[in-house]
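Residues per chain are reported as follows:
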Amino acid sequence: MTVSLTVEGLTAQYGATKVLEDLSLRVGEGELVSLLGASGCGKTTTLRAVAGFLAPAAGRILLGARDITHVPAHRREIGLVFQTYALFPHLNVRDNVAFGLKQRGLGASERRRQADDMLDRVGLSELADRRPSALSGGQRQRVALARALVIAPPLLMFDEPLSNLDAKLRVEMRVEIRRLQRANGTTALYVTHDQEEAFSISDRVAIMRAGRIEQLDAPEVLYARPATPFVADFVGFENLIPMRVIAEAGDAVRAEMPGGAAFEFDKGQFTVPGPEFLFAARPEGLRVAEDGQGLPTTLGLRTYLGRAYQYRCETAAGELIANGPLSRPMEPGTRALLIPVPEHCALLRST
Amino acid sequence: MMGARLSPWLIGFAVLVFLFLLGPLVIIVGASLSDTSFLTFPPRGITLEWYANIWQISAFRSTAATSLTLAVTATALALVAGIPAAYALARYGVVLPPFLSTVFILPILVPELVLGFSIMKSFTAGQGWPVTTTLIVGHALLVLPYCVRVVSASLASFDFSVEEAAVSLGCPRWRAVLTVVLPNVRAGVIAAFILAFITSINDVSVSLFLTGPGVSTLPIQLLAHMEQFFDPTIAAVSVVLMVLTVGVMAVVEWTLGLSFLTK
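Line order of the protein sequences matches chains S and R. Heads up: the first sequence is residues 319 to 669, going by our numbering. Heads up: the second sequence is residues 198 to 460, going by our numbering.
These are computed hints drawn from the structure, not numbers from a lab. Treat the hints with care, since some could be wrong.
Just a few of them, taken from the derived set where beta-carbon distance is under 8 Å, the chain S residues facing chain R [what the hints assert, rightly or not]:
#, residue
1, 391
2, 396
3, 417
4, 422
We put the CB at the ideal spot given by N, CA and C, even for glycine.
Could you build all of it, start to finish, from the sequences and the hints given here?
Okay, here's the thing in structure tokens:
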């Protein structure tokens, strides 16, 4: 039984400060959607409102067709996985997992069977009689996952579940989370501040800022076609240059940037969003070259990235960040050209 | 242990501290055995007569019973009020006005004599409450700060996500508090009980104002007895109380370990 989650016009405030403003969101059946953003952007507040730990000032929350806005938290049947694992310290691993089954009035032997089954699925059978304090961080989070999954919740929510684990384990656990979520076909909402984590396991990602969703799209779309300057910057388009269309001829649009330099955009590769727009380029989207068609620059500080050299570049349009080939390190003060690499560039509506 | 050489000065100092702490107790035990009809140390002659005397004086028996009942009832009341207060302070401390946590330690800050006098004025004299009721209420107020503070300290290190996890798994909030939060602060609750119980049973200042005709507590009765007789019975009662306290602590140590008191 998998259902969708619909959040409509959610508004929440602490005292006079609004932390969520008219937030709407839909997570389809069996889909995993991440809320991604810096701390204080409202992602955890959204999760807490859906979980029922925070009464929204306005808006509706629906699981499938069922309006749960005013249903108490303990009757929402949402599986929750916390950053701090939140295992019951006074119960052993098996009883931790069986806790939700006990609340549902299952008999002792049935509880035990189902809990052991679930522990087997997360690979912790041999630890069933241990206390949580005797487990490692990764094992604890597996128990927390098993405990949330065993009640077969229609919706599973994660609040920064991997933040307390070390880097290698984080990668391992996120694959595990995705595997179990897929296997159960459970709808999931996942809160994180880690872009790689969100992009790697999500069907869609909502990038949040100041209590609102900036853009909700598949990771590939966010990565290649950010809709706002904030998202562009967030996903690594470090150069944002305002452009103005000056000529249109055949398959090409010619646009000018402050300082007078112009670029030509092939209509086959770019959709120019209007007479004025923003040109977004990752550092690798501006190639430092000695000759060709490009934006003239004087190179500044050079840093070594392993796969390329990166330069601070003085241009008529301001300071830009661009990458140059490893084969030819160039010294500060060198005059060079910045040539756009279309697959690492995007055009945004100007705001 | 390597090179753990203690300075003789440190050892000497430690011995002095122990003498200072335990010396009076030795003196009391000695005085309780004295063959004289007044308190003296070192004892002259040895007798257990004063211990027998305790049981002869009915006032000791009745006031001991009062003190015990009073301590248990007052502590229970203070815990019933104090645990929810501590929970609220720990859970919603951020959004509650800051003076609230101070309110609950006020009875410690106010001199006990003032506390006793004002309770007497307000309830016994002001409202005409029966002596027993006022005594219970007074002692509950006296020990409430200990309950709130000790349980708060336990709750401060409790991760309330654990409670939310229980709720998300279908456990109503009230039941999560009882079956998940409380078991994990059990040590704090027991520590609070012991501290409050001892405070109540030892109290003189507050009881002084609240005891009345026919109702007295053991410490007050001891005081009265000392004023009248000044005989070794006082020392004997003190020794009995000492032994009982040590006994209670030993039981606690065996069953729970005392370490939680120092946590």
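Any of the earlier hints contradicted here, and which numbers? Structure breaks no hint.
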